[in-house]
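Visitor: Oh and the sequence shown: position 117 is 205 in the working numbering, straight run, nothing missing.
Because the hints were derived from the structure by calculation, they are not lab data.
All clues given are correct.
Computed list of lysine-lysine pairs in DSS-like fashion (alpha-carbon distance at most 30 Å, straight line):
hint, residue 1, residue 2
1, K186, K125
2, K186, K155
3, K155, K207
4, K195, K173
Quick list of the computed label-pair ranges, beta carbon to beta carbon:
hint, residue 1, residue 2, range
5, I144, T123, 24 to 32 Å
6, S140, E118, 17 to 25 Å
7, G177, A146, 15 to 23 Å
8, D191, N145, 38 to 46 Å
We treat Cβ as the ideally placed atom computed from N, Cα and C, and that holds for glycine.
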Amino acid sequence: MKKLIPSFLILVMFAFGCEKKSETKTTNYEFEINTSKSIGASTLVLQTISDSRCPINADCISAGGAKAYFKLTGNNTDQEIILCKGDCGTLASVANIKINGVDYSLKLIDITPYPQLQKSSVTQTVKVELTRA
Numbered sequence: 089m090k091k092l093i094p095s096f097l098i099l100v101m102f103a104f105g106c107e108k109k110s111e112t113k114t115t116n117y118e119f120e121i122n123t124s125k126s127i128g129a130s131t132l133v134l135q136t137i138s139d140s141r142c143p144i145n146a147d148c149i150s151a152g153g154a155k156a157y158f159k160l161t162g163n164n165t166d167q168e169i170i171l172c173k174g175d176c177g178t179l180a181s182v183a184n185i186k187i188n189g190v191d192y193s194l195k196l197i198d199i200t201p202y203p204q205l206q207k208s209s210v211t212q213t214v215k216v217e218l219t220r221a
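Turn these sequences into a full structure, and let the hints steer you where they fit.
Guide: And the structure:
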């Protein structure tokens with residue numbers, strides 16, 4: 089019986105010690121229109137922003153939404169990605185993409201600054217989070 093207990097403990101340690109940990113890596117990026125970021129051998133470019141959010145201190149019927157249009161180029165393919173925040177209908181704030189055979193999740197964090205009634209020509213910044221699945 090005394091020999092059984094240490095053998096059982098060693099068996100349990102091997103069973104749980106061999107469990108593979110998933111490695112998720114998250115990277116945050118900030119884009120302005122026509123800026124690009126290299127991700128491995130691919131390039132992610134913010135092409136345009138469509139912002140129909142209700143401006144601060146305005147009375148609006150709906151909250152509106154903001155869309156960021158990206159183009160992912162790599163491995164001789166181009167992929168259009170649209171991310172939306174706010175009232176977006178069927179569009180989502182997260183897109184599952186594949187870069188160099190690896191699965192990633194691209195999540196729209198924010199589009200700043202928030203629209204204001206008096207200001208119209210302000211450089212907008214898009215913040216995204218890229219997570220390796």
